[in-house]
Amino acid sequence: MNSALTTRHSWFEATARRRLVGLLDAGSFREILPPAEAQPSPHLAQLDLPGAFDDGVVVGCGRLAEKTVFVAAQEGQFMGGAVGEIHGAKIVGLLRRAVQEKPAAVLLLIDSGGVRLHEANAGLIAISEIMRAVLDARAAGVPVIALVGGSCGAFGGMGIVAKLCSAILISEEGRLALSGPEVIETVMGVEEFDSKDRALVWRITGGKHRYLMGDCALLVDDDIAAFRAGAAEFLAGPTESAPSLGQLRARQQVLENRLAAYATYRDGLQVWAALGVAEPESVPLLDRDSLVALKEGLPT
Amino acid sequence: METLDFRFDSAPVSRAANPALCGVVGSGNLEILVKAGDEPTACAVRIKTSARGFGETWRAVLGSFAAAHAAGGTAIAINDMGATPAVVSLRLAQALADYQGGAQ
Numbered sequence: 001m002n003s004a005l006t007t008r009h010s011w012f013e014a015t016a017r018r019r020l021v022g023l024l025d026a027g028s029f030r031e032i033l034p035p036a037e038a039q040p041s042p043h044l045a046q047l048d049l050p051g052a053f054d055d056g057v058v059v060g061c062g063r064l065a066e067k068t069v070f071v072a073a074q075e076g077q078f079m080g081g082a083v084g085e086i087h088g089a090k091i092v093g094l095l096r097r098a099v100q101e102k103p104a105a106v107l108l109l110i111d112s113g114g115v116r117l118h119e120a121n122a123g124l125i126a127i128s129e130i131m132r133a134v135l136d137a138r139a140a141g142v143p144v145i146a147l148v149g150g151s152c153g154a155f156g157g158m159g160i161v162a163k164l165c166s167a168i169l170i171s172e173e174g175r176l177a178l179s180g181p182e183v184i185e186t187v188m189g190v191e192e193f194d195s196k197d198r199a200l201v202w203r204i205t206g207g208k209h210r211y212l213m214g215d216c217a218l219l220v221d222d223d224i225a226a227f228r229a230g231a232a233e234f235l236a237g238p239t240e241s242a243p244s245l246g247q248l249r250a251r252q253q254v255l256e257n258r259l260a261a262y263a264t265y266r267d268g269l270q271v272w273a274a275l276g277v278a279e280p281e282s283v284p285l286l287d288r289d290s291l292v293a294l295k296e297g298l299p300t
Numbered sequence: 001m002e003t004l005d006f007r008f009d010s011a012p013v014s015r016a017a018n019p020a021l022c023g024v025v026g027s028g029n030l031e032i033l034v035k036a037g038d039e040p041t042a043c044a045v046r047i048k049t050s051a052r053g054f055g056e057t058w059r060a061v062l063g064s065f066a067a068a069h070a071a072g073g074t075a076i077a078i079n080d081m082g083a084t085p086a087v088v089s090l091r092l093a094q095a096l097a098d099y100q101g102g103a104q
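First to last, the sequence lines map onto chains X and R.
Per our numbering, the first sequence starts with residue 1, numbered consecutively.
Per our numbering, the second sequence starts with residue 1, numbered consecutively.
Only chain X is shown next, with the shape it has when bound in the complex (with noise of 0.2 Å):
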């Protein structure tokens, strides 16, 4: 038998709770309104569908590596880890308590295709409050991470939310884009881009393009421990410096010479050549620790 295969929990496969369980120290973490306490979605009840009892999210405070720190879990597989009105209220509150009582850091386990359209505007508005909040903590001196490696990825209004935050851990099975390939389908036609091929997908919102990209801090293994090994590497690290217009300014440029450099490009692999990787077409081969050296060699 493989030792590393036995001993290792998919994080792609967890649900939100399980998740938890694994990134926080054994037995820390205290779950803020708890099933029996929460109410779920009204709006989904008026639409006659069965909600969930914490619709969706997990939200409470445990410690990592011994640092007191704030979590929320969306829940993939109860639908979609949409946002509904309750699910962002939960994630707002527990931002808000961070700004109060400072822990160490909030982490957002995303899994979420963004706004549940069931709940229309209420889910909407839950979406901007949670970036306002996620803006607010890291103005406040409190880092916000997002760990991305769930079925469902972080799309949508959730795509935007991991992108406030002060970094992204992400896994190669994970996913970060704005619009979800289904809708850029529907909308604009399978030539634009073929949401059922399933490589090509990954190749455009896959953790290691984004990884490769620059778009998110590190790439962890599909592995509830590496997820906690990264999150606590992060902890450790230095403090990151308050958001400034100076930061952002530079931001803008970078993403306007990405613009310029790759906006006629079809597909991750163009756009790994451009970059300088010698052979693109092995970059989904690789494994995560290939993976990084090759990132680490390329020019900069």
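Check each hint, because a few of them may be wrong.
What the hints assert, rightly or not - In silico EDC-like cross-links for lysine to aspartate or glutamate, where the CA-CA straight-line distance does not exceed 20 Å:
hint	chain 1	residue 1	chain 2	residue 2
1	R	35	R	98
2	X	163	X	194
3	R	35	R	5
4	R	35	X	267
5	X	102	X	48
6	R	35	X	31
What the hints assert, rightly or not - Now the stretches of chain X that chain R is said to cover, found in silico as 3 or more residues with beta-carbon under 8 Å:
hint	segment
7	26-40
8	43-55
9	70-78
Quick caveat, the hints were computed from the structure, so don't treat them as lab data.
Virtual Cβ for every residue (Gly too), placed ideally from N, Cα, C.
Use these hints to put chain R onto chain X, whose structure you have.
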């Protein structure tokens, strides 16, 4: 959606820890929340299910659960997205074990 309410006689639970939740409201799955009920020799169950018309199947599955396990003194709430009877039985046993502090 259909809401179903049942009440079964059952031997009292041996011990009760904190309210326990198991499962996820995903396709073919369900979540079960077990908490303290109001009567020590009865198990009250409320189900919200997306699959209509399976009341008698629920009654049979829950009845055999209440007969086979000591589940008296519990109130069980279920949100269901079309789980099969086998999945329901498995989750019920798991949730009851968690409620008694058995599994983590």
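Check: Is it true that the CA of residue 35 of chain R sits at most 20 Å from the CA of residue 31 of chain X?
Finding: 16 Å, holds
Item checked: Pair hint outcome, residue 102 of chain X versus residue 48 of chain X [Cα-Cα no greater than 20 Å] -> 40 Å, violated
Check: Is it true that the CA of residue 35 of chain R sits at most 20 Å from the CA of residue 5 of chain R?
Finding: 16 Å, holds
Check: Are residue 163 of chain X and residue 194 of chain X close enough, with their CA atoms no more than 20 Å apart?
Finding: 25 Å, violated
Next item on the list: Apply the coverage criterion to the segment 70-78 of chain X and chain R: a residue qualifies when its Cβ sits closer than 8 Å to a Cβ of the chain, and three qualifying residues are needed.
Entry: holds (count 3)
Note to self: Checking one constraint from the list: CA of residue 35 of chain R to CA of residue 98 of chain R, max 20 Å. Satisfied?
What the structure shows: Roughly 11 Å separates the two Cα atoms, so the pair holds.
Check: With a Cβ-Cβ cutoff of 8 Å, does the segment 43-55 of chain X contain at least three residues near chain R?
Finding: Coverage by chain R holds here, the residue count being 8 at a Cβ distance below 8 Å.
Next item on the list: Establish whether the coverage given for the segment 26-40 of chain X by chain R is satisfied; the threshold is a Cβ-Cβ distance below 8 Å, and no fewer than three residues must meet it.
Entry: Answer holds; 4 residues pass the 8 Å Cβ test.
Next item on the list: Starting from residue 35 of chain R, check that the Cα of residue 267 of chain X is at most 20 Å away, please.
Entry: Answer violated: residue 35 of chain R to residue 267 of chain X is near 52 Å, above 20 Å.
In this structure, the earlier hints numbered 2, 4, 5 are contradicted, and the remaining ones agree with it.
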